[in-house]
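Residue numbers (numbering that gives the first Met the number 0), protein chains in the order written: chain A, 0 to 263; chain B, 0 to 315.
No wet-lab data here; the hints were simulated from the structure.
Bear in mind that the values here come from a model prediction, so they are computed numbers and not experimental data.
Built from N, CA and C at the ideal position, the CB exists for glycine as well.
Among the clues, some could well be false.
Claimed, not checked - Listed next, the stretches of chain B that the computed footprint assigns to chain A, with coverage defined by at least 3 CB atoms under 8 Å from CB atoms of chain A:
id : stretch
1  : 74-88
2  : 102-108
Said to hold, decoys possible - Residues from chain B that face chain A, not an exhaustive set, calculated with beta carbons under 7 Å:
id : residue
3  : A127
4  : L129
5  : I314
6  : T315
As the list claims (entries may be wrong) - Every beta carbon over 10 Å from chain B, so not counted as near; a handful from chain A, in silico:
id : residue
7  : S142
8  : G186
9  : S190
10 : V191
11 : A212
12 : V216
13 : V217
14 : N247
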Amino acid sequence: MMEEGPMADGKNTFVIGDPAALGTVETRRQFLRMLGVGGSIVLLPTLFAACDDDDTGIVNPPPSGGVTINLSNDTGILNYAYALEQLEAAFYTAVLAAPVFATLSAPEQEIFTDLQRHEVIHREFFKNALGSNAIGTLTPTASAVTGALATRNSLLLASETFEDLGVAAYNGAGKYLTVAANLLAAGKIVSVEARHAAVIRDIRDGTNGTKFANSEVVNAQGLDVKLEFVPVLTAANPFIDTEITLTNVPAVPAGSTDQAPQHS
Amino acid sequence: MNNTPILETIDPEIMGRLASRREAIKQGASMSTALATALAIGSVPIALAGLTKDVFGQAPLTIKQVLDFAFLLENLEAEFYKAVLGESAVAAYNTAFIPVRALIPAKARASITLIRTHEVAHVAFLRAALDTMGGPARVWAASDFDFTGGNGSGTGPFARATTDLQFLLVATQAFEDTGVRAYKGQAGNLISNDTLLEAALRIHSVEARHAAQIRKIRRENGAPDTVRYSGTVRGGGAGAAGAGNVTAPPAEVVTALGLIYAGEDTNNVSTLNFGTTLPGVSAGDLAFAIGEAFDEPLTREQVVAIVEPFVIPAIT
Numbered sequence: 000m001m002e003e004g005p006m007a008d009g010k011n012t013f014v015i016g017d018p019a020a021l022g023t024v025e026t027r028r029q030f031l032r033m034l035g036v037g038g039s040i041v042l043l044p045t046l047f048a049a050c051d052d053d054d055t056g057i058v059n060p061p062p063s064g065g066v067t068i069n070l071s072n073d074t075g076i077l078n079y080a081y082a083l084e085q086l087e088a089a090f091y092t093a094v095l096a097a098p099v100f101a102t103l104s105a106p107e108q109e110i111f112t113d114l115q116r117h118e119v120i121h122r123e124f125f126k127n128a129l130g131s132n133a134i135g136t137l138t139p140t141a142s143a144v145t146g147a148l149a150t151r152n153s154l155l156l157a158s159e160t161f162e163d164l165g166v167a168a169y170n171g172a173g174k175y176l177t178v179a180a181n182l183l184a185a186g187k188i189v190s191v192e193a194r195h196a197a198v199i200r201d202i203r204d205g206t207n208g209t210k211f212a213n214s215e216v217v218n219a220q221g222l223d224v225k226l227e228f229v230p231v232l233t234a235a236n237p238f239i240d241t242e243i244t245l246t247n248v249p250a251v252p253a254g255s256t257d258q259a260p261q262h263s
Numbered sequence: 000m001n002n003t004p005i006l007e008t009i010d011p012e013i014m015g016r017l018a019s020r021r022e023a024i025k026q027g028a029s030m031s032t033a034l035a036t037a038l039a040i041g042s043v044p045i046a047l048a049g050l051t052k053d054v055f056g057q058a059p060l061t062i063k064q065v066l067d068f069a070f071l072l073e074n075l076e077a078e079f080y081k082a083v084l085g086e087s088a089v090a091a092y093n094t095a096f097i098p099v100r101a102l103i104p105a106k107a108r109a110s111i112t113l114i115r116t117h118e119v120a121h122v123a124f125l126r127a128a129l130d131t132m133g134g135p136a137r138v139w140a141a142s143d144f145d146f147t148g149g150n151g152s153g154t155g156p157f158a159r160a161t162t163d164l165q166f167l168l169v170a171t172q173a174f175e176d177t178g179v180r181a182y183k184g185q186a187g188n189l190i191s192n193d194t195l196l197e198a199a200l201r202i203h204s205v206e207a208r209h210a211a212q213i214r215k216i217r218r219e220n221g222a223p224d225t226v227r228y229s230g231t232v233r234g235g236g237a238g239a240a241g242a243g244n245v246t247a248p249p250a251e252v253v254t255a256l257g258l259i260y261a262g263e264d265t266n267n268v269s270t271l272n273f274g275t276t277l278p279g280v281s282a283g284d285l286a287f288a289i290g291e292a293f294d295e296p297l298t299r300e301q302v303v304a305i306v307e308p309f310v311i312p313a314i315t
C-alpha cells in the first residue's frame, strides 16, 4: 500500500505500508517527486498497515509512540542506525529465550549468544551517544518475530536477512555522515555486522564455503550490498510495529546505485 | 599489462563521476581544516569525542594517497591468494605453495578461491579509479611481494605458510583483518567524496566477510575458542589471532600478530553498565563481547609497519 496526498498538516506525505509497494514504476516516480519537495516518508507499523488496504485514501490514526528521524544531519543518521540495532538486539534476545535455541548445535548457539551480546552493546552504544536526541524504543512486531523463531531454518533466514540488511544500511548511510568521528563509529560497527552476516550465511551454506560472500551480496566489482534509507526500512518494516517518519531524506548522489542482498 | 577489459567492467556512472571530480581531487584532496572544523562545530553535538583520537592522531592523506595505499594492500592480498592457488605470474611462488595447497580442505579452498576473485576485483576497481587521477603511484607486480615476510629473501618468518595449513590459515585471517582495519582507518580521509567513500565502505565490509569466514573455518578445524564461530575478533594483541593451534610460531610472527591486532580490545562503551541489558553475563564474558562488538582502525603508518616485510620495494 502506498499513498500520496495531503495529511492533516497540509504537507505532502508519502506513506509506505507494504514492502512490495516500492517495486512499481509509478510509486517510485511518486516517491522521487516527494523527495524533491521535501516531503516526509511514513513507514506504517506492520499490523496497522495490514489493516489499511481499502484504498479509501483515508489514513487511520496511527498508534501512539511513533518516531520521527530527521536525516538532515548526523544525529538523524545515527538514530537510523540506532533503530536497526534496536530491532536486531530485540530479535536475538528473543532467539536466546525461544525453544528453537535448544535445537541448535553448540557452534550455532555460540554464534547466537555472541550476536545477541554484540547487538545489545551496539544498541546501548547509540542510545548513550545520542543521549537526549535518541529516538524512543521501537516495538518489534510480535507475530513476525514468533514466525521467524518457528524453526531453525526460519531463524537462520531471518538472521541472515537482518545482518545483510544491516551491512547494506551502514554502507548506504556512511556517505551522509559529516563528522569523521561518527563515520569511524559506524565503521567500527558495520564490519562486525558483516562478520555476523558471513557466518550466518555460512551456516546456511553447509560445507560449500562460498555463500558468506557470494554473488547474492558481493557484485562482480567486489563491492558489498548497499541500500538507501527507505528501501532498508521498507524491508525491515514487517518486523517494526512502530510508525517511523523519515524527514529530509537526502538526495542520492549520482552513480550511487542500490544493491539489495539476495537470500536463496 | 593490458587493462582495457578491467576498465570495461567498471560501472560507467561511477567512473564518470570520478572523472568529473578529477580536478578537485588534483587540487588537494580531502577536506580543508577549516571545513572540517566548521563541520565538527556546526553539526552534531554527539558525544563520540573519545573516538576522535584515532582519526585525528594521524596526518590526513589525500584521496589519491588513500587509493594508492589501498591499491598496494589489495595487490598484496590478490597476489598472495594467486600464489596459494598456483595462479601467480611468478612460477617459483606457485611451486613454493604446492605442499600446503594439497592440504587445504575443499570448503576452505572454495572460500579462498572466492576471496581471491574479490581481491582481484578490488585491484581492478582501484586501478580504474586511480586512472582517473593520473594513474597509480606504482603498478604492482607479483614479483614485488615476498609472502615469507622476508623483504625479498624468500626465507622470512612466514615461510611456513607454504607447508603448514594452520599457519596458512592464520596468515590469511591476519591479512584480511589487517585489510578491515586499514580501510576503517582511511574512511575519514574520504569523507569529502561520497562516491569513493561509499565504494571504500563496500570493499571494507567484504574484507570483514572474508576475515569472518576464515575465522569460522579455523575454529571448525581446531582453533581455540578465542577464534569465534561468530567471526568476530576476541581480545587484542597477538592473542587475538587465536594462533594457539599453530605449533611454535616464530617470534617474528608473534610480533607481527601483535601489531595486526594491537588495540582490537578497545572498550568503546566504558561508561556504560550492562547489568540490566545483559543480565547474567559474567564480567569476563562481557569484556570479551564489548571488544568483539567493535572493530578498530589502524593508521597508514601502523599498516605499513605490518606489510613492509612482505613488500620488496620501499613503501613511499
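- How about B:I314: closest beta carbon in chain A under 7 Å, or not? This hint is violated: B:I314 lies away from chain A, its Cβ roughly 23 Å from the closest one there, beyond 7 Å.
- Please confirm whether A:V217 is truly not at the interface, meaning its C-beta sits more than 10 Å away from all C-beta atoms of chain B. It is violated; A:V217 is separated from chain B by about 6 Å at its closest Cβ, not greater than 10 Å.
- Message: Does A:S142 clear chain B by more than 10 Å, comparing its Cβ with all Cβ atoms of that chain?
- Response: Its Cβ never comes within 10 Å of chain B, the nearest being 25 Å, so this holds.
- Message: Using Cβ atoms and 10 Å as the threshold, tell me whether A:V191 really stays out of contact range of chain B.
- Response: Violated: least Cβ distance 6 Å, not greater than 10 Å.
- Confirm or reject the coverage of the stretch 102-108 of chain B by chain A under the rule of 3 or more residues with a beta carbon closer than 8 Å to the chain's beta carbons. With 4 residues closer than 8 Å to chain A, the stretch 102-108 of chain B meets the three-residue bar; holds.
- Item | Non-interface claim for A:G186, where every Cβ of chain B lies beyond 10 Å | violated, 5 Å
- Closer than 7 Å between Cβ atoms is the bar; does B:T315 clear it against chain A? Give me holds or violated. Status violated, d = 25 Å.
- Message: Can you tell me if the stretch 74-88 of chain B counts as covered by chain A, using C-beta to C-beta distances under 8 Å and a minimum of three residues?
- Response: violated (count 0)
- Check on A:V216 being off the interface with chain B, judged by Cβ distance over 10 Å: violated, 8 Å
- Message: Given B:A127 as an interface hint, is its Cβ closer than 7 Å to any Cβ of chain A?
- Response: Constraint on B:A127 not satisfied, violated at 9 Å.
- Task: Quick one: work out the minimum CB distance from A:A212 to chain B and report holds if it exceeds 10 Å, violated otherwise.
- Result: A:A212 not clear of chain B: closest Cβ-Cβ about 4 Å, inside 10 Å.
- Grab the minimum beta-carbon distance between A:N247 and chain B and tell me whether it stays above 10 Å. Holds: least Cβ distance 13 Å, greater than 10 Å.
The structure is inconsistent with the numbered hints 1, 3, 4, 5, 6, 8, 9, 10, 11, 12 and 13, although it conforms to all the rest.
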